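Protein chains: 2
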Amino acid sequence: MKFEVTILGSSSSTPIFNRNPSAQLLNVNEKFILIDCGEATQNQLLHFGLKANRIDHIFISHLHGDHYLGLVGLLSSLHLNGRTKPMDIFGPAELLEIIDIQFKHSQTLLRYPLNFRITDPSIKEKILDNYDIVVESFPLDHRIPCTGFRFTEKQRLRKIIKEKIDELDIPSEMIPRIKKGEKFIDKRGNVYLSADLTTEANVPKVYVYCSDTICSWKYLDFIMNADTLYHEATFMNEMLQRAEETFHTTALQAAEIAIKSNAKKLLIGHFSARYKDLNPLLLEAKTLFNSTSLAIEGMTFEI
Amino acid sequence: MKFEVTILGSSSSTPIFNRNPSAQLLNVNEKFILIDCGEATQNQLLHFGLKANRIDHIFISHLHGDHYLGLVGLLSSLHLNGRTKPMDIFGPAELLEIIDIQFKHSQTLLRYPLNFRITDPSIKEKILDNYDIVVESFPLDHRIPCTGFRFTEKQRLRKIIKEKIDELDIPSEMIPRIKKGEKFIDKRGNVYLSADLTTEANVPKVYVYCSDTICSWKYLDFIMNADTLYHEATFMNEMLQRAEETFHTTALQAAEIAIKSNAKKLLIGHFSARYKDLNPLLLEAKTLFNSTSLAIEGMTFEI
Chain A
9 MKFEVTILGS SSSTPIFNRN PSAQLLNVNE KFILIDCGEA TQNQLLHFGL
59 KANRIDHIFI SHLHGDHYLG LVGLLSSLHL NGRTKPMDIF GPAELLEIID
109 IQFKHSQTLL RYPLNFRITD PSIKEKILDN YDIVVESFPL DHRIPCTGFR
159 FTEKQRLRKI IKEKIDELDI PSEMIPRIKK GEKFIDKRGN VYLSADLTTE
209 ANVPKVYVYC SDTICSWKYL DFIMNADTLY HEATFMNEML QRAEETFHTT
259 ALQAAEIAIK SNAKKLLIGH FSARYKDLNP LLLEAKTLFN STSLAIEGMT
309 FEI
Chain B
9 MKFEVTILGS SSSTPIFNRN PSAQLLNVNE KFILIDCGEA TQNQLLHFGL
59 KANRIDHIFI SHLHGDHYLG LVGLLSSLHL NGRTKPMDIF GPAELLEIID
109 IQFKHSQTLL RYPLNFRITD PSIKEKILDN YDIVVESFPL DHRIPCTGFR
159 FTEKQRLRKI IKEKIDELDI PSEMIPRIKK GEKFIDKRGN VYLSADLTTE
209 ANVPKVYVYC SDTICSWKYL DFIMNADTLY HEATFMNEML QRAEETFHTT
259 ALQAAEIAIK SNAKKLLIGH FSARYKDLNP LLLEAKTLFN STSLAIEGMT
309 FEI
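Residue numbers (my numbering), protein chains in the order written: chain A, 9 to 311; chain B, 9 to 311.
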């Protein structure tokens with residue numbers, strides 16, 4: 009089962025040094041989720057050969073432009089390219105106003121249903137629960153209301169041992185039932201337990217996305233035990249005061265949060281335009297937490 | 009005196025084949041004007057090494073996303089990068105609503121004055137008249153209200169003949185007066201007429217920008233005698249019916265308009281995503297009007 013994230017933007021505020029503002033594409037078992045959508049996200053999707061029309065869910069963390077300004081363009085392009093299947097968008101209530109006013113003045117009537125689900129930046133809540141994934145939003149601590157997102161894979165069924173299918177001539181209609189735990193009785197009356205024919209399902213993995221927040225322990229409970237934690241790291245720690253003034257986090261602090269939240273891996277991003285070379289940010293985080301990577305454009309990380 | 013246009017976007021509707029939506033940068037004597045501002049225009053400026061902060065005037069033709077979706081991002085970046093000098097924006101009244109709601113929800117208070125001038129898409133009117141240029145807007149004929157823009161260089165002063173300065177030892181403070189037509193009397197009392205010391209000023213050049221319109225003679229009067237006419241040419245003429253249905257123009261029609269309006273040069277752009285290769289569009293226009301060029305990303309045309 010695939011569960012991986014491709015980074016489309018790593019820049020804070022403005023595009024610079026070929027870095028784009030925030031956007032990430034989550035592949036959950038070949039179903040696609042977009043997390044944030046900075047300006048030119050659709051260009052990034054094209055650039056990396058990723059099909060925008062495969063996205064069915066979009067999550068927007070907050071209303072600073074570098075996290076959503078690409079949304080109306082992306083939705084328009086899907087419309088113009090003939091999309092008919094629904095798109096579910098999760099974001100602050102005011103985002104719907106911003107979308108509506110623009111489609112009103114361009115006289116655009118989308119050809120596909122756009123289902124808007126309002127996120128509440130003051131509480132933790134489950135906002136999506138489908139066959140593949142559970143998504144929870146939770147409050148971060150930024151200059152304007154901002155939510156993080158926690159993506160938990162659904163518990164999968166046990167995995168059938170392929171060799172047993174041929175060996176015991178198991179009919180295909182029995183396989184889903186065996187995966188669910190039923191026993192199988194062959195023509196001669198031999199009984200096989202599900203545990204004999206299957207192996208353990210993968211343990212569901214967790215991806216946590218923390219965009220734009222001051223480093224704070226307020227949200228620690230919501231991000232515990234991530235397999236992969238994405239956390240913004242706008243500044244080096246020598247800019248701590250600036251980070252606090254602007255409600256952002258330093259690379260060192262992001263590493264501290266990874267440790268305190270018991271993350272297995274840390275991705276850092278949302279880099280300030282003052283850093284052309286990002287290696288110092290990576291090295292700073294690694295002094296505390298070695299399993300850190302730079303979440304930069306075009307990189308794909310297995311969760 | 010410089011008067012040239014650099015193309016930042018040539019695509020209609022969606023970004024594709026490395027083509028971006030509409031935007032052009034006009035250099036008028038080293039003062040910069042942005043015409044339309046599709047998504048990722050700021051990326052294009054960066055890409056071509058053009059400084060966004062040198063832009064002091066922005067003209068938006070209409071409210072289809074491919075002509076304005078890059079505006080809020082550009083204005084935000086200028087703010088974040090410390091701009092203090094004013095920006096003048098000319099566009100439909102509803103554009104101000106779209107800008108305001110986004111700055112409201114991102115809690116952005118621009119550090120620089122943003123002067124918004126409403127254009128009226130139903131009439132021809134002079135909307136700017138400064139030291140360098142006169143700009144007029146005029147109605148085009150599109151699915152939603154849309155204006156074209158006519159940029160006319162200001163009449164320049166006569167040009168001094170440099171050799172005469174040394175030869176006659178003309179003091180520098182006299183030069184602007186001589187350019188304006190005053191005579192010069194040297195120490196021996198010899199009188200030199202302005203016409204003896206200067207050559208003719210350049211004839212003011214005209215650039216006309218016609219984005220998104222069905223081919224129509226309604227706007228012909230407003231675009232007469234352009235030195236360079238930019239006209240959209242979304243389709244080949246074999247797609248004439250589709251062009252008419254969508255209120256767009258074909259390459260052949262753009263050439264016809266260039267002839268009828270007595271343009272010296274024609275630039276065509278706003279190409280449909282169906283054309284990967286643009287040469288057929290160029291060749292089609294050239295069958296009628298040979299001085300046609302493709303207005304594609306990164307090209308600069310002297311007007």
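Hint data in this document are derived by calculation from the structure and do not stem from the laboratory.
Remember, it's a predicted structure, so these values are computed and weren't measured experimentally.
Don't take every hint at face value.
What the hints assert, rightly or not - Heads up, incomplete: computed chain A residues facing chain B, CB under 8 Å, no partners named:
(1) Q50
(2) S84
(3) S85
(4) E105
(5) I106
(6) I107
(7) Q110
(8) Q115
(9) N287
(10) P288
(11) L291
(12) T295
(13) N298
What the hints assert, rightly or not - Under 10 Å between C-beta atoms, here's a sample of chain B residues computed to sit facing chain A:
(14) T22
(15) F25
(16) N26
(17) Q50
(18) H55
(19) G57
(20) H70
(21) V80
(22) S85
(23) N123
(24) P129
(25) S130
Said to hold, decoys possible - Far from chain A, some chain B residues (derived; all Cβ distances over 12 Å):
(26) L176
(27) K187
(28) E190
(29) N298
Even for Gly, the Cβ is constructed at its ideal location relative to N, Cα and C.
Structure-based check of each hint:
Annotation: Q50/A was flagged as interfacial toward chain B, and the flag holds, the nearest CB pair being 6 Å apart, inside 8 Å. At a threshold of 8 Å, the smallest CB-CB gap from S84/A to chain B is about 5 Å, leaving the interface hint in force. For S85/A, the suggested interface contact is upheld, since its CB lies about 4 Å from the closest CB of chain B, less than 8 Å. For E105/A, the suggested interface contact is upheld, since its CB lies about 6 Å from the closest CB of chain B, less than 8 Å.
Interface restraint check for I106/A: the shortest CB-CB distance to chain B comes to about 6 Å, inside 8 Å, so the restraint holds. A hinted interface residue such as I107/A counts as satisfied when its beta carbon comes closer than 8 Å to some beta carbon of chain B; here the least separation is about 11 Å, so the hint is violated. Contact between Q110/A and chain B, as hinted, is supported at the beta carbon level, the nearest pair being about 6 Å apart and thus within 8 Å. Interface restraint check for Q115/A: the shortest CB-CB distance to chain B comes to about 5 Å, inside 8 Å, so the restraint holds.
At a threshold of 8 Å, the smallest CB-CB gap from N287/A to chain B is about 22 Å, leaving the interface hint violated. Among the interface hints, the one on P288/A is violated; its C-beta lies about 22 Å from the nearest C-beta in chain B, farther than the 8 Å criterion. Hint status for L291/A: violated, given a least beta-carbon distance of 26 Å to chain B, over 8 Å. With a cut of 8 Å, the hint placing T295/A at the interface with chain B is violated, because the nearest CB-to-CB distance is about 29 Å.
Annotation: N298/A was flagged as interfacial toward chain B, and the flag is violated, the nearest CB pair being 33 Å apart, outside 8 Å. A distance limit of 10 Å between C-beta atoms decides the matter here; for T22/B the minimum to chain A is near 4 Å, and the interface restraint holds. Checking F25/B against chain A: minimum C-beta separation of about 9 Å stays under 10 Å; hint holds. Interface restraint check: N26/B against chain A, minimum CB-CB distance 9 Å, threshold 10 Å, status holds.
The criterion of a C-beta within 10 Å of any C-beta in chain A is met by Q50/B, whose closest approach is roughly 6 Å, and the hint holds. A least Cβ separation of about 9 Å between H55/B and chain A falls short of the 10 Å threshold, and the interface hint therefore holds. Of the supplied interface hints, the one on G57/B is violated, with its beta-carbon coming no nearer than about 13 Å to a beta-carbon of chain A, more than 10 Å. The interface hint given for H70/B holds, since its Cβ lies 9 Å from the closest Cβ of chain A, which is under the 10 Å cut-off.
Taking 10 Å as the C-beta contact cut-off toward chain A, the hint placing V80/B at the interface holds, the least distance being around 6 Å. Checking S85/B against chain A: minimum C-beta separation of about 4 Å stays under 10 Å; hint holds. Checking N123/B against chain A: minimum C-beta separation of about 21 Å lies over 10 Å; hint violated. Restraint check, P129/B versus chain A: the minimum CB separation of about 12 Å is more than 10 Å; hint violated.
Hint status for S130/B relative to chain A: violated, with the closest Cβ pair at about 16 Å, above 10 Å. Non-interface call for L176/B relative to chain A: holds, since the shortest CB-CB distance, roughly 53 Å, exceeds 12 Å. Non-interface status of K187/B relative to chain A is upheld: no Cβ of that chain comes within 12 Å, the nearest being about 42 Å off. With a cut of 12 Å on Cβ distances, E190/B stays outside the contact zone with chain A, its closest approach being about 50 Å.
With a least beta-carbon separation of about 33 Å from chain A, N298/B lies farther than 12 Å from that chain, consistent with its non-interface assignment.
When held up to the earlier numbered hints, the structure conflicts with 6, 9, 10, 11, 12, 13, 19, 23, 24, 25 and fits the remainder.
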